[in-house]
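Q: Here is how the chains run, residue by residue.
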Amino acid sequence: MSAPPLLELVDLARHFPVRNAFGRRTGWIRAVDGVSLAVWPGETLGLVGESGCGKSTLGKTVMGIHAPTAGDIRFDGREIGRLPSSERRAIARDLQYVYQDPGASLDPRWKVVHSLHEPLKIHTRLSRAEREEQVHVILTAVGLPGAHLDLYPHELSGGQQRRVGLARILTLRPRMIILDEPTSGLDVSVQASVLKLFRSLQATFALTYVFISHDLAVVRSTCARIAVMYLGRIVELGATAAVFEQPRHPYTRSLLAAVPRIGGRRVTLDFALKGEPPNPRDVPSGCRFRTRCPLVQDVCATEEPALREVEGRRVACHFA
Amino acid sequence: MSELLSVRGLSVDFLTDGGVAQVLDGISLNVDPGEVVGLVGESGCGKTTLARAILGILPGGAARIRGGEVRFKGTDLLREDPIVVNDRVRGRRITFIPQDTSTSFSPVFPVETQIMDLMKWKSPRAEGDRGQRALSRYPRERHRADRDAVLESLRAVQIPEPARALRRLPHEFSGGQRQRLMIAMALLPCPDLIVADEPTTALDVTIQAQILRLLRELVKERGVSVLFTTHDLGTAHEICDRVVVMYAGQEMEAAPADTFFARPAHPYTRRLLASVPTGTGEIRDIPGDVPSLVAPPAGCRFHPRCDYATPECRAGRPAPRALAPDHEVRCHHPVDAPAGDDG
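Those protein sequences? They're chains A and B, same order as listed. Here the first sequence is numbered in this note's numbering, starting from 581 and rising by one per residue. Here the second sequence is numbered in this note's numbering, starting from 89 and rising by one per residue.
Misleading hints may appear alongside valid ones.
Claimed, not checked - Beyond 10 Å from chain A on every Cβ pair, some chain B residues (computed):
1) Arg140
2) Arg359
3) Ala427
Claimed, not checked - The following label-pair restraints were derived from C-beta to C-beta distances:
4) A:Ser865 with B:Pro375: 46 to 56 Å
5) A:Thr704 with B:Gln246: 28 to 38 Å
6) A:Phe785 with B:Asp346: 38 to 48 Å
7) B:Gly149 with A:Ser631: 31 to 41 Å
8) A:Gly607 with B:Gln246: 27 to 37 Å
9) A:Val879 with B:Asp205: 32 to 42 Å
10) B:Thr163 with A:Ala684: 37 to 47 Å
11) B:Asp346 with A:Val879: 41 to 51 Å
12) B:Arg256 with A:Val717: 50 to 60 Å
13) B:Arg256 with A:Ser631: 19 to 29 Å
As the list claims (entries may be wrong) - Okay, the calculated bits of chain B under chain A, using three or more residues with CB under 8 Å as the criterion:
14) 232-242
15) 316-323
Quick caveat, the hints were computed from the structure, so don't treat them as lab data. Built from N, CA and C at the ideal position, the CB exists for glycine as well.
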């Protein structure tokens with residue numbers, strides 16, 4: 581990890597105002613609240629957590645869909661969080677975002693060829709022949725025959741549409757892609773094909789992924805490092821294998837304990853975590869996990885634990 | 089005949105714009121008393137259609153039952169008088185837990201109104217036929233007894249402060265809490281069978297673990313059978329005694345949960361289990377696509393994607409073959425090896 585990070589977040593925060601019926605602000609939802617992390621070129625960083633933990637807001641803030649409330653977003657050494665939108669657009673070539681179903685964002689009235697040329701027309705000055713060359717390379721990489729260029733989206737299967745959606749993002753040759761729940765809602769066998777495709781594309785185009793998911797098994801099989809989020813904060817960050825083998829944060833431990841393991845003892849027999857995550861509008865004082873934590877002490881209510889270095893990884897717990 | 093529910097050769101067609109889709113093709117399965125049976129398969133394999141056929145709530149205009157029977161305690165529900173089924177079976181002997189709890193409650197009435205409406209018709213204490221009950225008011229003593237039962241069951245599903253919870257509107261509960269309410273409502277009529285259609289798919293993993301544990305404890309305690317449909321094999325492992333796997337409207341294999349996960353015999357089951365991500369980082373998919381149900385492949389519907397397929401598989405659907413007591417597979421070439429031992 582001698583190279584500088586491709587993406588670096590420093591104390592990034594995104595708060596949403598809560599307003600009452602008269603439009604007066606009555607509070608804040610602290611969706612992302614002081615997140616610092618770095619993503620190195622060529623790696624896949626997994627971002628996991630349960631719904632409402634702020635992982636999608638984090639991805640969208642990095643993309644510029646939400647403006648950061650505080651903190652820095654550095655892409656390739658340059659601060660991009662506060663750029664005017666005219667300059668921000670230039671970054672879009674290098675930094676792309678994939679929604680849950682990239683196939684759904686195709687225009688039903690455009691042939692595939694039209695959809696694939698559009699980003700190149702907007703963002704590059706390539707000639708028609710160069711564009712065709714580029715589109716052809718990408719189409720091969722996502723495993724679609726050239727004859728599909730003349731089809732409309734409805735003539736393709738769901739899986740093929742998904743491939744076209746990905747090809748559309750790849751034509752610009754981005755350096756980093758944020759994948760937001762790319763496999764949720766898929767059957768396991770289809771999910772396996774999609775993960776395989778992501779992996780081969782990463783090797784072909786030297787991509788860096790941020791992989792946002794709530795599915796721990798998927799993250800485990802695709803990511804080298806993972807960051808676990810709870811209520812807008814990172815609670816644990818480290819090498820995937822180490823985190824899965826020996827989680828240090830009590831929340832990570834509960835989260836991993838809840839994942840069914842086929843062939844083993846039923847995990848639900850021993851599952852101890854009680855209750856549900858608190859409302860993000862009203863986060864507990866001190867450590868945010870303390871209301872459900874089995875190790876809770878007095879200090880947890882008064883002092884928010886910092887994300888500190890523990891045996892080669894970072895954990896935000898007083899007792900890690 | 090010890091089984092509670094026995095589906096025999098059930099075939100259901102759907103009329104679609106593209107033609108007649110053969111969504112279920114000669115499905116057979118059994119549920120014994122007190123047993124939790126998992127019905128697993130990928131989306132579009134027909135598991136929800138089967139659940140609906142058992143409950144008798146297939147969409148009338150589009151669905152057509154081509155053949156087969158659904159025997160519940162000896163009576164064929166498909167040929168029984170629909171009024172009798174509605175009065176005595178559906179919602180009383182067989183209840184339902186849906187996947188999407190947010191659309192299963194009316195958003196404008198408090199939970200109490202909605203649960204008491206259910207109890208007026210489906211409470212185990214409700215007597216008389218439908219006409220009588222429609223005319224008479226809710227008898228006061230029965231209302232009191234039913235309300236006590238409701239509070240009791242909310243406590244059983246661990247809803248804090250049940251009496252106050254009843255006054256709240258559905259949106260004031262979280263997704264996990266609403267699913268607990270659904271479980272309570274499914275148990276209130278004291279049914280013999282609960283059909284649960286992907287009840288934990290929309291939940292986070294820690295909430296899913298809580299709900300699965302709760303559901304399993306409650307049904308085991310009360311001796312209720314459950315038919316649990318899911319596409320998630322991990323969930324099936326957590327809750328089921330026995331697993332039936334479906335592919336494109338046909339059942340492929342039925343086995344006790346231990347055998348199913350340790351020594352699956354059907355090539356499809358083996359590929360499906362192998363495609364579950366593991367820690368090793370190796371990813372294995374099933375090549376090819378799920379077939380069209382309008383023009384399905386002849387014989388075993390998995391044969392176009394199967395490594396073991398022979399002309400025999402195209403000629404006709406394999407008859408059920410018993411490999412062990414309770415372990416049946418519909419395949420000409422069952423594999424005899426531990427899971428994950430083949431290519």
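Q: Does each hint hold? Answer for all of them.
A: So, going through the hints one by one against the coordinates:
No Cβ of chain A comes within 10 Å of the Cβ of Arg140 of chain B; the nearest lies about 20 Å off, and the non-interface call holds. Against the 10 Å criterion, Arg359 of chain B falls within the reach of chain A, whose nearest CB is about 7 Å from its own CB. Interface exclusion of Ala427 of chain B from chain A breaks down, the closest Cβ pair being 8 Å apart, not more than 10 Å. Roughly 54 Å separates the CB atoms of Ser865 of chain A and Pro375 of chain B, a value that falls within the hinted 46 to 56 Å.
A beta carbon spacing of about 58 Å between Thr704 of chain A and Gln246 of chain B contradicts the range 28 to 38 Å that was offered as a hint. At about 44 Å, the CB distance of Phe785 of chain A to Asp346 of chain B agrees with the hint of 38 to 48 Å. Restraint check, Gly149 of chain B to Ser631 of chain A: a C-beta distance of roughly 36 Å satisfies the suggested window 31 to 41 Å. Between Gly607 of chain A and Gln246 of chain B the Cβ separation comes to about 29 Å, which falls inside the hinted range of 27 to 37 Å.
The given range of 32 to 42 Å is broken by Val879 of chain A and Asp205 of chain B, whose C-beta atoms sit roughly 50 Å from each other. Range check, Thr163 of chain B to Ala684 of chain A: Cβ separation about 45 Å, and the 37 to 47 Å hint holds. Distance hint check for Asp346 of chain B and Val879 of chain A: the Cβ-Cβ separation is about 45 Å, which falls inside the suggested range of 41 to 51 Å. Remark: the range hint 50 to 60 Å for Arg256 of chain B to Val717 of chain A is upheld by a beta-carbon distance near 57 Å.
Range check, Arg256 of chain B to Ser631 of chain A: about 21 Å between beta-carbon atoms, so the 19 to 29 Å window is met. Counting residues of the region 232-242 of chain B whose CB falls under 8 Å from any CB of chain A gives 0; the rule of at least 3 is not met. Taking a C-beta to C-beta cut-off of 8 Å, the region 316-323 of chain B contributes 5 residues in contact with chain A, enough for the three needed, and the coverage statement holds.
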